Every structure is written in structure tokens, then in C-alpha cells.
Amino acid sequence: MNALIVTAVLGVMMMFSSIVLKRNSAIRMLAIVGLLFTFIANVLDSSGVHFFSINIKGMMHFDQFAYFFISISIFCTFIFFLLSAKEMERIGVNYSEYFALIFFILCGIILVASFTSLLILFLGIEIISIPLYILTGSDKKNLKSNEASLKYFLLGAFSTGIMLMGIALFYGSTGSFSVENSVVIAATTSPMLLIGILLLLFSMSFKVSAAPFHFWAPDVYDGAPTVFTSFMATIVKAAAFIAFIRLFSLAFTPLQDRWQLIVAVIIALTLFVGNITAVFQQSVKRMLAYSSIAQSGFMLMALLAFNTFSVEGILLYIVAYSISTMGIFSVLVKMKDSSLEEFNGFAKHQPVLAVALTVFLLSLAGIPLTAGFLSKFYMLKAVMHSGNFLWLIIFAVLMAAVSVYYYFRIIQVMFFKESDSNTIIVSTSFKWLLSALAIIIIVLGVYPQLLLQFLV
Amino acid sequence: MNEVPLTHILVLSTALFFIGMFGLFTRRNMITILMSVELILNSVNINFVAFNKYLFPEKLDGVFFVLFIIAIAAAEAALAIAIIINLYRNHQSIDVDDATEMKF
Amino acid sequence: MIHLLQIDISKAVNEVENAGSYLPIAIQLLLVVGLIGLMLLASHKLGPKRNTSDKLEGFACGIESHGDARKPMAIKYFLVAVLFVLFDVEVIFFYPYALSFKQLGWDGFWAVMMFVGFFLCGFIYIIKKGALQWED
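Protein chains in written order, with the numbering used here: chain A, 1 to 456; chain B, 1 to 104; chain C, 1 to 136.
Note that these hints are calculated values from the structure, not bench results. The model shown is predicted, which means the values in this text are computed figures rather than measured ones. Honestly, I wouldn't trust all of these hints.
[Unchecked claim] The list that follows gives simulated cross-link-like pairs (lysine to aspartate or glutamate, EDC-like), each with its CA atoms no further than 16 Å apart:
#  : chain 1 : residue 1 : chain 2 : residue 2
1  : A       : Lys151    : B       : Asp61
2  : A       : Lys140    : A       : Glu180
3  : A       : Lys141    : A       : Glu89
4  : B       : Lys53     : B       : Glu3
5  : A       : Lys336    : A       : Glu180
6  : A       : Lys417    : B       : Asp98
7  : A       : Lys348    : A       : Asp257
8  : A       : Lys144    : B       : Asp98
9  : A       : Lys417    : A       : Glu89
10 : A       : Lys22     : A       : Glu89
11 : A       : Lys57     : B       : Asp61
12 : A       : Lys431    : A       : Asp337
13 : A       : Lys57     : C       : Glu90
14 : A       : Lys151    : B       : Glu3
15 : A       : Lys144    : A       : Asp337
16 : A       : Lys144    : B       : Glu3
17 : A       : Lys141    : A       : Asp257
18 : A       : Lys334    : A       : Glu180
19 : C       : Lys45     : C       : Glu90
20 : A       : Lys57     : A       : Glu180
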């Protein structure tokens, strides 16, 4: 509860900060300090120090998992600010508003990580989506950005409509918005409930961009300003996953055998479409968009088995995926365009950055000794323990092998191609930060308990 | 006069839902598409109120959900109009077919 | 045909399930559509056609019309309209409060005050940003 109120108030503060503070660096400092404060507030909250005592009438419940995920997303946003907050200056004049919107998105993330009522789920998803539509279209003179925000809005509103219809049918058959097993068990036989669950499944697949509901994702990720793409494709996507998993693990387990096969088919399709299409992309930004679709196939596996492996696996996956993708995007932001040729001979100009990028790409591809490998392994093991869907595991491993091809293409271009003498300028602190992130990826790949020990 | 049965209201809301969805997929004018989205949301509102009134009249859950949907729908409409105006300034058109900057 | 229209109504009410009792309505529908179609066709075929420029022009209470109705307007109108939509609809949350004003007591009052406070933040923000400034 602490973090929720702190982020909301900070969002309002950032809105007004452009009137009081004239320098962009001051605004940036305020945002970073505010985020640190939010992090501390959340950690205190999880250890029992509550700043506010508000009766939320059982609509939200903060368990240890929720606190841990909120901490992770605040931490990732912190890294995001350190890596690319400066780049936001180039997008437009409304510098402080971008921070305000990001704080509001965090507010929505906290809501979807802790809901126990479908009302809070709906509000959280909308509080995440509406600022994102604005951030996507924030590059107002750029046609691509305008178009991306239009597409995002249309498909987002469409999926919201489907979700609301699902909630309406859920309410009609159970008479409550509460996300509990007992509510669902009382109405298991109702066909209306089944249709409601199906609609909720489809709309949440929309939000996490799983195939066949993924069509908005490549265009939106491509068109949005690169800084915000890196935020959207990592932290926001992770929050959508947590909402998805929370909804289905809390409420719909009694009907597990009815929807699990559909989820398995969606996962297989997502893995196939994401990986195969990514192979043919020429632009690195678009390739990363498809790779994020492919990665969401792996993350969705947590829905097939609710055991300790899937809980630990999804958190490890979120950390590994978010850090790697943000790292790659933070370098991509500094380049002129996002074509593959930009990376020609990158290792000669920026050896430190090239090594860090290699670690990130290896982690995304799931090569051993990186966090990406271990998280993929946890997810597969979770599905294995549930006993079903052996075909899915084999298929997922095959697709992971395909993904190695397009991640290694960037590495190959960086190290073995002649350079065109176009180099990017980076500060020393940026280099240090990126190297530190690469070290985090490797350390987590060897010793994941460093992260997971906090999840008691 | 007899009370209207619940199924009639559900048929109405389902019809509205699919009319909205049809409009969303077939129309080319962005304002019309926005109206289709509103139609979908309003069909859900009818559903909520009908369920609340007929099946669970002892609590007002459904009606309050409708209030939130209306508020969010207003926010979405305002945002959509802003996006459309911005697109119109760049494209000189509000036809979605003209927005083809990105191709697969 | 007259006989069909004067069918015994009380009997028809008893036989609502019987599809045959809707026959008069069907005949009336056919008549209506046929008659309207015939009249439209007849006026179209028989009437004289003299299209002068005065006649084709849009009629606006006798005042001479000029220009296109779809000419671009200043962006300010749209901005005010959008802001109006937002602030207008948020008032919806006062409605349940107004209904249960007594029962909620002071707790409810402070909760609504907090809501109004956030509301005012938005309002002050748009004023400070100059969104409502009419003159340049």
C-alpha cells in the first residue's frame, strides 16, 4: 500500500515539477530520488512498516510475491531511468510529463500485482494502458509514432472491451467480482462462466502480445520512441504477465482442465510466430519486438503449472529478460537508426559495450551460465513437473534453438564485420552501468538464490 | 404489465457488442471506430446493470462497476480524440487506411 | 381482405403461440411497403425535373449559405471539448456519494474531499499549462 500511494503522489508532483523546476537535470534528479524513496517504502511495507492504514474492503491483498514483484519493477524502472532518462529529452518538450506518466504506470503495475477483485484488475490495466498510449504517440511530429499510438489505442480499447465482457459474464454467473477459488467452484457448471473465462483469457493474451493476438506488438514497438519501447517491452509487459498469472492461479484453477490446452496451443503459436518472424527482420528494433513476443511464449508457461518452479522461474525470467532487453535498447537509442548495419564493427569502437551487449544477447538466447538460460530451464522444469504437455517442452527447446540464430547474427556483425566509421558517444558512467548489468546477468545465471532468497 | 425477461436484455447487449465489433473492423473513419468502441463499452454496461438488477439485487456491485467503466471510457475517448487530431495534422485525413507508415 | 382485418381479437390473444395469428400484421406490412414503394416510384417517374442552381442549394432558413461546413477550426475548440468531456464525466462519482451522504458520515466526506483534491490538481495543471487561455 505504501508504494501505491507514494507513486500516485509522486506522479502528481512530477506533473507540477516543470512549473517549479526549470532545468531538466533537476527534474531527472527528482524522479530518481522519488523512485528510490518508493523502493524503500515498498521494502519497509513488506517488512511490516505501513505508512497508511486504509480499509480497502478486501479488494487488494499484498502477499510476499506481490511485494517482491513490485520491488523488482521499481528496481527495473530505476535502472531504466539511469540508462535512458537523458534520452527522453530528445523526444519532446514535455520532459517532466514523461516521468509523471511513468509514475502513473507504476501505480497501475502495483494495482495489477495485488488485486483480489476484478474491478482493481480492470482499473490497473487501464491505468497502465492510458499513459502508454500517450507515451507511444509522444513523438508528435513523427508519423510512425502517431500511427503506432493509433494502432495501440484501437487494439487496446478492443481488448479492454473483450475483457469487460468477460468480467460481466463472470459477474453474471458468480455474483461477485472477487477472485477466489470458492466463488468459481460454486458456479462451475455454468456455461456463461466458461465463456467469461475464455474472453478474459483472450484479452489478457492481447495485453501480453501472445499469438494470435500479437499483431499490434511489432508495429507499436517499432513506431514508439525507442526509449519508451524499452520501458513498454520489459516492465509493463512483466506486469501484464503477473496480472495474467495472478488472475488464473487465484480464481480459475478449479476449471484448469478446461483452459490449459488452449493456453498450451497459444504458447506453441507464440513461440513459433515470434521466433520464425524474428529471423527475417532487418531492423534490430523490430527484431527485438518479435523476440519479445517469442520470450512471452516462455513466460506464459507459468500458467500451465502453478508450483514453486514456476513462481521462482517467472520472477527470474522477468529480471533476466528486463535487464537484457533494456540494456540492448539503451545502446540502440544512441544510434542513428535501428538497422543491423549500425552494429557493423561495433566491437572495435566500443569494446566494453560490445562485450556487455554480447552477454545480454546470450542471456536472451538462453545460453548456459546466464540468467536467461536458468529462467528458461525453470519454466520448462515447472511444466515437466505438472506431467502434461511433453510435446510443448520439445517444441519450446526447438524454438529456443531457432532464436539462437537471430541473436547471434548481431554478435557476428558486431565482431566480424568491417566498420563504417560511424561511432556513438557514450559517457564513462554509462559504460560502468552496462558492465554492472552484464555482471548481474552472469551472477544470477550461476547463483539464482541471490535473488530468490528474498521470496520467502 | 409483465416485466421484461433478462434474456431480452442480454440479447440486446450481445447485439450491441457485436455491432460495435463489426464497426470496429469494417469502418475506415476513425471517429466511427471510436464510436464503435464506445458501443462495446456501453453494451457491457447494460449487461452489468441487468445482472445486478435481476440476479443479485441485494448488493450494488454491478452498478458501481458501471460508474468506473463510464469514467474510464471518457478518459479513453478524450485520449482518442487527441490522437486523431494529431494524426489529422500530419496526414490531413482521418481515414485509417491512410496511416500506412509501417509494413510487415 | 376487410374480413381478415376484422378478425376476432380475443381469440387471437388466446392463440398467441399460433403463427397464423400474425397474418394481419404481415398483410399490413406488405401493404405499407408496397404503397410507399408505389408512391415513390410514381412521383419519380411522373414528376417534372427542372434542376436549377437555386433549387439544388442547401436551404438554411432563407439566409444565403457560404463556404464549406467542414473547414478547419482552431485547435482550442477541440482542447476545450476534450477537457470538458473529462471533467464532466468525473462528476459521476459524486452521484453514489449524494445518495448515501448521511450514512457515510465524516469518513465519506473526507474521502470525497480527497477525490476533489486530486481533481483540483488536474484543473490547476491545465490552467498552469495554459490550456484554457483563449487569447494568444
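Here is what the structure says about each hint:
{"no.": "1", "hint": "A:Lys151 <-> B:Asp61", "result": "violated, 33 Å"}
{"no.": "2", "hint": "A:Lys140 <-> A:Glu180", "result": "violated, 44 Å"}
{"no.": "3", "hint": "A:Lys141 <-> A:Glu89", "result": "holds, 15 Å"}
{"no.": "4", "hint": "B:Lys53 <-> B:Glu3", "result": "holds, 12 Å"}
{"no.": "5", "hint": "A:Lys336 <-> A:Glu180", "result": "violated, 50 Å"}
{"no.": "6", "hint": "A:Lys417 <-> B:Asp98", "result": "violated, 39 Å"}
{"no.": "7", "hint": "A:Lys348 <-> A:Asp257", "result": "violated, 54 Å"}
{"no.": "8", "hint": "A:Lys144 <-> B:Asp98", "result": "holds, 12 Å"}
{"no.": "9", "hint": "A:Lys417 <-> A:Glu89", "result": "violated, 32 Å"}
{"no.": "10", "hint": "A:Lys22 <-> A:Glu89", "result": "holds, 13 Å"}
{"no.": "11", "hint": "A:Lys57 <-> B:Asp61", "result": "holds, 13 Å"}
{"no.": "12", "hint": "A:Lys431 <-> A:Asp337", "result": "violated, 21 Å"}
{"no.": "13", "hint": "A:Lys57 <-> C:Glu90", "result": "violated, 23 Å"}
{"no.": "14", "hint": "A:Lys151 <-> B:Glu3", "result": "violated, 43 Å"}
{"no.": "15", "hint": "A:Lys144 <-> A:Asp337", "result": "holds, 13 Å"}
{"no.": "16", "hint": "A:Lys144 <-> B:Glu3", "result": "violated, 53 Å"}
{"no.": "17", "hint": "A:Lys141 <-> A:Asp257", "result": "violated, 50 Å"}
{"no.": "18", "hint": "A:Lys334 <-> A:Glu180", "result": "violated, 47 Å"}
{"no.": "19", "hint": "C:Lys45 <-> C:Glu90", "result": "violated, 56 Å"}
{"no.": "20", "hint": "A:Lys57 <-> A:Glu180", "result": "holds, 15 Å"}
In summary, the numbered hints that this structure violates are 1, 2, 5, 6, 7, 9, 12, 13, 14, 16, 17, 18 and 19.
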